[in-house]
Amino acid sequence: DAGVIQSPRHEVTEMGQEVTLRCKPISGHNSLFWYRQTMMRGLELLIYFNNNVPIDDSGMPEDRFSAKMPNASFSTLKIQPSEPRDSAVYFCASSSPGLQSYEQYFGPGTRLTVT
Amino acid sequence: DAKTTQPTSMDCAEGRAANLPCNHSTISGNEYVYWYRQIHSQGPQYIIHGLKNNETNEMASLIITEDRKSSTLILPHATLRDTAVYYCTPRTSYGKLTFGQGTILTVHP
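Top to bottom, those sequences are chains A and B.
The numbers in the working numbering rise by one with no breaks, and the one at position 81 of the first sequence is 79.
To convert, count from 1 in the second sequence and add 1473; that's the working numbering.
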């Protein structure tokens, strides 16, 4: 398996633009998690899905952020409009309760820079 | 959500055991303790987890105190490639993890 796939790996955009980050979880995993990592705040959980349904979005910073999971093999995290403070590395992770250790597998991340 | 407290940084000599402590005094009875590490700018990588009993796998050992208020991750023979940020985190029944600031482990030659 190729692992969790995220695209793009790097994104540079101007303030006010819309940004869409994409994630393909590991096949067979039914839990998907979006995280944001910054030096100041560390690794924060933004939202997670179980069987394509959002379970907890309390970590989503504000209405400018939205996440969708239209099917088991694809999820998006959208920021509209983007602001410089959104600059961070965004990780997607997937998991399954069927795994013996129920661990999360993380993707390589998308490094977002908003100028 | 349960909170965890870890030392900001630790050093270890190559070939020696690295013992990384974590305090999780507010963990609830059904929450597992998970350990992950993050090497440079890569995504975090799972190491080991436990509920009540001590655990061992090919990467590390996990010692959990009887009252479950703290745990220690043991890397028995640290190598330079073990230099990373190590996170201790509780896991809820939904699989949710809450990462703290972690411990920066530096393994020296």
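Note that these hints are calculated values from the structure, not bench results.
Mixed in with the good hints there might be a few duds.
Said to hold, decoys possible - Which chain B residues stay away from chain A? Per the calculated CB distances, all over 10 angstroms, these: (1) 1482; (2) 1484; (3) 1503; (4) 1540; (5) 1541; (6) 1542; (7) 1547; (8) 1549; (9) 1552; (10) 1564; (11) 1570.
Claimed, not checked - Quick list of in silico lysine-lysine cross-link-like pairs, BS3-like style, CA-CA up to 30 angstroms: (12) A/22 to B/1569; (13) A/66 to B/1476; (14) B/1476 to A/76; (15) B/1569 to B/1542.
To be verified - Computed, partial: chain A to chain B, Cβ under 10 angstroms: (16) 35; (17) 54; (18) 68; (19) 70; (20) 71; (21) 87; (22) 91; (23) 93; (24) 105; (25) 109.
Each residue gets a CB set at the ideal place from its N, CA and C atoms; glycine is no exception.
To see whether the hints hold, each was checked on the structure:
1. For residue 1482 of chain B, the shortest C-beta to C-beta distance to chain A comes to about 15 angstroms, beyond the 10 angstroms cut-off, and the non-interface label holds.
2. Every CB of chain A is more than 10 angstroms from the CB of residue 1484 of chain B (nearest about 21 angstroms), matching its label as outside the interface.
3. With a least CB separation of 13 angstroms from chain A, residue 1503 of chain B remains clear of the 10 angstroms interface cut-off, as annotated.
4. Taking the minimum C-beta to C-beta distance to chain A, about 23 angstroms, the non-interface status of residue 1540 of chain B holds against the 10 angstroms cut.
5. For residue 1541 of chain B, the requirement that its beta carbon stay farther than 10 angstroms from each beta carbon of chain A is met, with the minimum near 18 angstroms.
6. Annotated as non-interface, residue 1542 of chain B keeps its C-beta farther than 10 angstroms from every C-beta of chain A; the closest such distance is 22 angstroms.
7. At roughly 18 angstroms, the least C-beta separation between residue 1547 of chain B and chain A is larger than 10 angstroms, which holds for a residue marked as non-interface.
8. Under the 10 angstroms C-beta cut-off, the non-interface status given to residue 1549 of chain B relative to chain A holds; the minimum distance is some 19 angstroms.
9. With a least CB separation of 22 angstroms from chain A, residue 1552 of chain B remains clear of the 10 angstroms interface cut-off, as annotated.
10. Chain A draws residue 1564 of chain B into its interface by the beta-carbon criterion, the shortest separation being 7 angstroms against a cut-off of 10 angstroms.
11. Remark: the non-interface label on residue 1570 of chain B conflicts with the geometry, its nearest Cβ contact in chain A lying 6 angstroms away (cut-off 10 angstroms).
12. As the CA atoms of residue 22 of chain A and residue 1569 of chain B are separated by approximately 19 angstroms, the hinted pair is consistent with the 30 angstroms bound.
13. Restraint check for residue 66 of chain A and residue 1476 of chain B: the C-alpha separation of about 29 angstroms stays at or below 30 angstroms, so the hint holds.
14. This hinted pair checks out: residue 1476 of chain B and residue 76 of chain A have alpha carbons roughly 29 angstroms apart, not beyond 30 angstroms.
15. For a cut-off of 30 angstroms, the pair hint linking residue 1569 of chain B to residue 1542 of chain B stands: about 19 angstroms separates their Cα positions.
16. With 10 angstroms as the threshold, the beta carbon of residue 35 of chain A comes within range of chain B, its nearest partner Cβ sitting at about 9 angstroms, so the hint holds.
17. Checking residue 54 of chain A against chain B by beta carbon gives a least distance of about 7 angstroms; that is within 10 angstroms, so the hint holds.
18. Interface restraint check for residue 68 of chain A: the shortest CB-CB distance to chain B comes to about 21 angstroms, outside 10 angstroms, so the restraint is violated.
19. Because the smallest distance between the Cβ of residue 70 of chain A and any Cβ of chain B comes to about 16 angstroms, over 10 angstroms, the interface hint for this residue is violated.
20. Annotation: interface hint on residue 71 of chain A violated; nearest CB of chain B at approximately 18 angstroms, more than 10 angstroms.
21. The interface hint given for residue 87 of chain A holds, since its Cβ lies 7 angstroms from the closest Cβ of chain B, which is under the 10 angstroms cut-off.
22. Look at residue 91 of chain A: its Cβ gets to within about 7 angstroms of chain B, closer than 10 angstroms, so that hint holds up.
23. This hint holds: residue 93 of chain A has a C-beta 5 angstroms from the nearest C-beta of chain B, less than the 10 angstroms allowed.
24. The beta carbon of residue 105 of chain A is positioned within 10 angstroms of a beta carbon in chain B (closest approach about 6 angstroms), and the interface hint is therefore held.
25. The interface hint given for residue 109 of chain A is met, as the beta carbon of that residue sits about 8 angstroms from the closest beta carbon of chain B, less than 10 angstroms.
The structure does not agree with the numbered hints 10, 11, 18, 19, 20 stated previously, though it agrees with the rest.
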